[in-house]
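Throw the hints in and build the complete structure from the sequences for me.
Protein chains in written order, with numbering that gives the first Met the number 0: chain B, 0 to 143; chain Z, 0 to 407.
Don't take every hint at face value.
[Stated by the list, open to error] With a Cα cut of at most 27 Å, we get these calculated BS3-like pairs of lysine-lysine:
(1) Lys-119(B) to Lys-401(Z)
(2) Lys-56(B) to Lys-31(B)
(3) Lys-125(B) to Lys-16(Z)
(4) Lys-16(Z) to Lys-119(B)
Simulated from the structure, these hints should not be mistaken for lab results.
Listed below are the residues making up each chain.
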Amino acid sequence: MDINDPQLMRSIIMDHYQYPRNRRECHDHDCKSVHMNSESCIDDIMVYVKLDHDIIKDFSFTGQACTISTASTSILSELVKGKTLNEAKQIIMEYRKMVNLESFDAETLEEAVAFSNIGKQANRIKCALIGWDALSQIIAESEE
Amino acid sequence: MLDLNHIRAQFPILKTKMSGKPLIYFDNAATTLKPQGVINDVTRILSTQSVNIHRGDYQLSYDISNEYEEVRRSVAKFINADVNEIVFTSGATEGLNAIAYGLEHHLNEGDVILTTHTDHASNLLPWFEVAKRRKAKIEYLKLTKEGRIDLSKLDQALHSKVKFITLVHVSNVLGFINPVEDIIRMAHQRNMAVILDGAQSVAHIKMDVKALDVDFLAWSGHKMCSPTGVGVLYGKKEWLDQLKSIKLGGGANAQFNEHGEVILKSVPTRFEAGTPAIESTIALKSALQFLQSVGMHQIHEHEVLLKNHFLSKIQDFKHITVYNPSTDTGIVIFNVEGIFAQDAAAYLSSHGIAVRAGNHCAKLIHHVIGVTETLRASFYVYNTVEEVDHLVEVLREITLEKCVDLYI
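Quick look at the structure:
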C-alpha cells in the first residue's frame, strides 16, 4: 500500500466513513462494552468486544462520530477481529507510534496507514484514537 | 445602516488571521470578541490599579472600589433595574445555579419546575439536582413543530403545582425569541415566579426588566463584548431578599462568631463572597458603552439582516439543511449532507471561518430538531455581508473529499 498516494489514502478513509464495517450493537452476555466520548470533540461511540479466551472473536461499534473517528474505528474492527490479544496489542502499539509521528511498521497497520499524517493535526489525534483507546481499555480490563 | 468600518476598527482581533486566512468569526453565541475600550480597561487596571476592592483604606483601593460600584449602576441602567438588584457573578452559569439552589427551600415534594427542551445545560442541570433533593418534578412547556413555545398549551402547563418557570429567553440553538411577556403575565396571575436565562438575549435585544416584570434574569458578560469571568444576576429586590446564598465567605458577611452565628450583609453584597474578577467587571462598563453607542435596536436589526442574507443565499443549496429557517436572531443551525458537523467546521476553519459544531450544550434539543449534531453560525454587530458571502462560497464548494484531504 502506497502511503504517499493521497488519492488512495483519501479513498480508504471515505470508504470506511461512508460504509463503516462492523457498525452494530452487541448485547450478548459475554460482550464487553465501553462508552467513549472525547472531551475535545463531539464524538460519542460505543465499542463492543467479544473475547474467546485470548482471541478477539468480535469487535463492533455504534454511535455518532466524525470522519476520522468513524473510519479509524471501522479499520480497527477489521484489523483485530480473529487476532489474539497480544497481536492486537502489537497493532495498537504500532498505530500509536504512527499517530505520534514516530517511525512505525506500515505492514502491521494495513489500511490504518491512511492516518499517517493525522499527528500533524493535534486537535484530531483524539478522534483517530477513540476506538483504539476503547479496545486498549477492554484488553487491560480483561487482563486484570 | 451601521458604520461597520468604525465598528470593526474597534476590534483588533478582526485584523488577525486563522489558518492563514483573514478571521471570519461566526461563533458569537459562544462568546463575543472584545473592543479596544474593554482591552484598555483590563490592561490599565492590571498595569496600574491591580488592588482589591472594598478592603483597603488607601487611595488606589478606594478609587477602584468606586469604579467597581459604578459598573453596578451602569448595568442597572442598561436593563432598567434598581442598583441593589444587580449581583455580579462569574457568568450566566453561576447566576442560574445561584437562583436554583437559592430558591431550593421554596420547593416541597410534588412541586413542579417548568422549563423547555430548548434550554441550556446551565439552566437545566441545577434544577434537575434541586428537584431531586426536594422530590419536586421537572416539566416541559409544549413546543410547536418548529420548536417555539406553544402558547395555546400554556394555560394547561401552568397548573397549580407549578412553583417556578425557568426558561431561556433566546434559544442558543434555535435563535427563537421566546414569548416571555405572555408567560410572565400568566405566571404572575397564578403566583408563580419566572426566571430567564438571558445569555443570548441581553447582548442582542433591548432589555427592560421593569417592563417585562421578570423575577430573575442571569447572563454572561463575555457574550456582550466584556472579558470572561463576569456575569450578572438580576433579581427583584423582594426575591433577592428570599434567595439563600450558595457562596459564603469574605465580603459577604457583616459579623460572625465562634458559635457559627453569621450575619450576612444586605442584598446584593451578601451574594458576592470572595474577590471577584475586578478588571473584567470594570471592563463590562466599557462593553455596555460600546453596545449603547451602536444601539440595541440597530444591533438586532443588523443580525437579522445578515441572517436573512445567509438564508436567501443558501436556500437553493440542496446539500444544506437549515433546522431553524424562521430564526428571530442571528443564530442559524444547519448541516451539510453526508458530512459530520465537526468535519464541516474543520473545513470552514481551514478557510478562516469560525463556527461551532455539536449539540451546543442543549442536549435535549434533539427532541425538537431530530438531530443531535449541527453546525451553528451566529452573527453579531461586527460581521459583514461580505463575510457571510464568503461562508456561502465555501459551503457551495464543500465536499467530503475536501474535508478528508485536510488529514492526508
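### Message
Of all the hints numbered above, which does this structure not satisfy? Sort the numbers upward.
### Response
Violated: none.
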